[in-house]
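Each chain is listed here by its residues.
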Amino acid sequence: MGEPQKIYGVLAEFDTPAAVLHAATQVRNAGFRRWDVFTPFPVHGMDHAMGIKNSPVGWFTFLGGALGYATGNLMIWYMNAYNYPILVGGKPFFSGFFAFPPSYELTILFGAFGTLIGMLALNRLPRLHHPLLKNRRFKQVTHDKFFIVIESDDPKYTEAGVRELLEKAGCRHVELVEE
Amino acid sequence: MAEAAVTISTPVRVEAPPRELERPPLVQNNRSLGWISDHIAGVAEGRAPLWWWVAISISSAMFLVGVVMVTYLISTGVGVWGLNHPVMWAWDITNFVWWIGIGHAGTLISAILFLLRQRWRTSINRAAEAMTIFAVMCAGLFPLIHTGRPWLAWWLLPIPTSNNIWPQFRSPLEWDVFAVSTYFTVSLLFWYMGLIPDLAVMRDRAKTKLRQILYGLFALGWRGSNRHWSNYEKAYLLLAGLSTPLVLSVHSIVSFDFAVSQLPGWHTTIFPPYFVAGAIFSGFGMVLTLLVPLRTLCKLEDIITVRHVELMCKVTLATGTIVGYAYGMEFFIAWYGGNAYELEAFKYRAFGPYWWAYWTMITCNVVLPQLFWFKKVRTNMLAVFILSIVVNIGMWFERFVIIATTLAREFTPANWGYFTPTAVDVLTFVGTIGMFLTLFLLFMRYLPMIAITEVKGITPQADPHHPLGGARHGGHV
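The listed protein sequences derive, respectively, from chains V and L.
If you're matching positions, the first sequence starts at 1 in this note's numbering and goes up one per residue.
If you're matching positions, the second sequence starts at 1 in this note's numbering and goes up one per residue.
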């Protein structure tokens with residue numbers, strides 16, 4: 001106690017998606033790098049305004065799916081044709097046809113896990129603690145308010161400069177967020 | 001070549017569409033974003049209403065009956081059901097296929113309608129996905145308990161054991177194990193991913209420490225960051241893309257259980273699409289059965305509007321008609337195929353001792369849903385509710401007709417018989433209905449039963465290019 005708290009960044013509150021979209025364009029044009037927009041739902045056009053590139057989640061899905069299909073085929077070949085071959089009704093010990101339905105399901109299963117895990121990993125989630133989650137005003141982000149946060153470790157960060165930028169961009173309220 | 005000075009004049013405004021082409025809003029009465037949160041989350045907050053206690057008392061009593069019946073079955077043997085030569089599969093597999101089919105509407109609504117950009121799905125997808133998960137749980141129970149020795153059910157799984165005997169992958173029954181378990185797992189993942197932002201809503205509204213901790217834990221620290229939304233939306237799209245072929249494959253593989261066999265009445269190529277259409281038909285029937293009363297009881301008429309109910313009725317009508325076409329085509333092929341056994345099987349189905357089941361099926365699945373052609377019927381909630389129950393009954397009979405009539409009349413007269421259920425058969429089925437309703441009632445009291453975030457996202461005030469979303473100058477920000 002007594003020691004001044006480290007500052008995480010500046011939080012600005014907006015009322016409408018249009019206002020926050022407009023402000024995001026200005027923050028981006030001002031050249032900030034460590035900042036983010038927080039909204040109750042994905043706002044259309046925000047990725048473009050913030051300059052976010054296409055999400056790479058698809059690679060995780062693809063890897064999961066390819067792994068699933070290979071696992072299915074390999075597993076069935078190993079079990080029914082290699083490790084313990086049993087002749088059933090004169091059918092071949094292994095065929096891509098009867099191995100297809102289970103392998104197809106495993107493609108989807110592993111692909112789905114890849115997607116979810118990839119999404120969480122890219123977002124650095126799960127996270128049990130975050131400076132923003134302590135902020136009382138920020139709780140409105142899941143209700144009906146829109147926020148922009150510029151972090152204090154951004155190279156262009158100065159408290160006064162950031163405040164001025166966000167106020168000029170039309171926010172309703174600005175406050176400091178402690179680490 | 002020098003560029004001519006071209007000034008491209010873009011109009012600042014476009015003409016508003018004529019009134020008759022304007023679409024009715026998906027959330028009625030211009031509700032605000034906050035109102036949507038308060039009303040949907042409110043269902044899972046505060047004290048439970050009286051009707052909820054009455055409903056859960058009844059459903060958990062039914063569930064308990066089912067637990068007793070399954071205990072009796074496992075401790076005694078499958079003989080307590082009416083199974084006997086030649087019908088060795090009856091209500092258990094009927095119930096399995098019926099429940100799995102019901103699950104399909106959830107994935108159709110959450111995945112296929114998402115890919116088709118049907119924005120009305122946001123009001124119903126959460127509840128339909130929950131219904132899917134609970135229906136698949138009920139379905140999964142039946143193959144397990146009908147094995148006779150359920151303590152050996154792990155033989156179905158590819159687990160290495162000391163005697164190195166593996167599952168036999170040339171059997172469609174083994175494919176089914178993979179299809180159903182994948183379906184359950186992927187539905188759960190999809191449902192949970194959709195819930196993450198809504199669990200954050202619940203966390204931020206929580207009044208007690210316990211709710212804060214539990215919702216907070218499962219919300220995984222979601223903060224609504226746009227950098228997160230970007231990955232999240234892509235992942236959601238990909239999961240929808242994965243679930244679409246999944247939902248089509250699951251009931252196809254279920255139908256392989258029958259179609260790959262050699263029995264007349266089962267050995268037909270129409271089964272996969274016919275089963276999938278039937279599954280969606282019965283699933284929409286169940287969604288209507290659940291949501292038509294709930295929208296009134298939970299006062300959510302502005303979110304699950306009459307238009308939503310109408311659209312669901314139209315899907316039911318379309319899939320019911322496809323099912324009707326399949327019934328007709330089965331008969332045509334039985335005659336046109338020139339196979340005497342096949343034709344005999346179908347004559348037996350419609351005019352044999354099971355005629356009552358067959359004609360119940362035709363009435364409930366083909367004839368009565370035709371009433372949905374009329375707007376008066378589609379907008380009358382009582383009529384929709386009754387017809388949705390009719391659809392559920394009809395689809396149960398469809399599965400029963402397919403399974404029991406074929407087994408009761410095989411090639412030689414030595415394999416002829418008639419199936420009569422016992423009380424245990426009936427009460428086990430009642431038990432799974434109790435289990436399903438109990439799980440659904442618990443779901444709607446503890447989790448947001450409508451996707452709060454997604455409903456907010458389709459309102460005009462969520463669109464930054466709409467005046468209600470704060471846009472000025474005709475939408476140019």
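Keep in mind that the hints were calculated from the coordinates and are not lab data.
Note that this is a predicted model, so its numbers are computed, not measured.
Fair warning: there could be bad hints in the mix.
[As the list claims (entries may be wrong)] Straight-line Cα separation of at most 30 Å, DSSO-like style, residue types lysine-lysine; simulated pairs:
(1) L:K376 with L:K314
(2) L:K375 with V:K139
(3) L:K209 with V:K139
(4) L:K376 with V:K6
(5) L:K376 with V:K134
(6) V:K168 with V:K6
(7) L:K375 with L:K314
(8) V:K134 with V:K156
(9) V:K134 with L:K209
(10) L:K314 with V:K139
(11) L:K314 with L:K299
(12) V:K134 with L:K375
(13) V:K53 with L:K375
(14) V:K139 with L:K376
Original post:
Failing hints, ascending?
Top reply: 2, 4, 5, 10, 12, 13, 14
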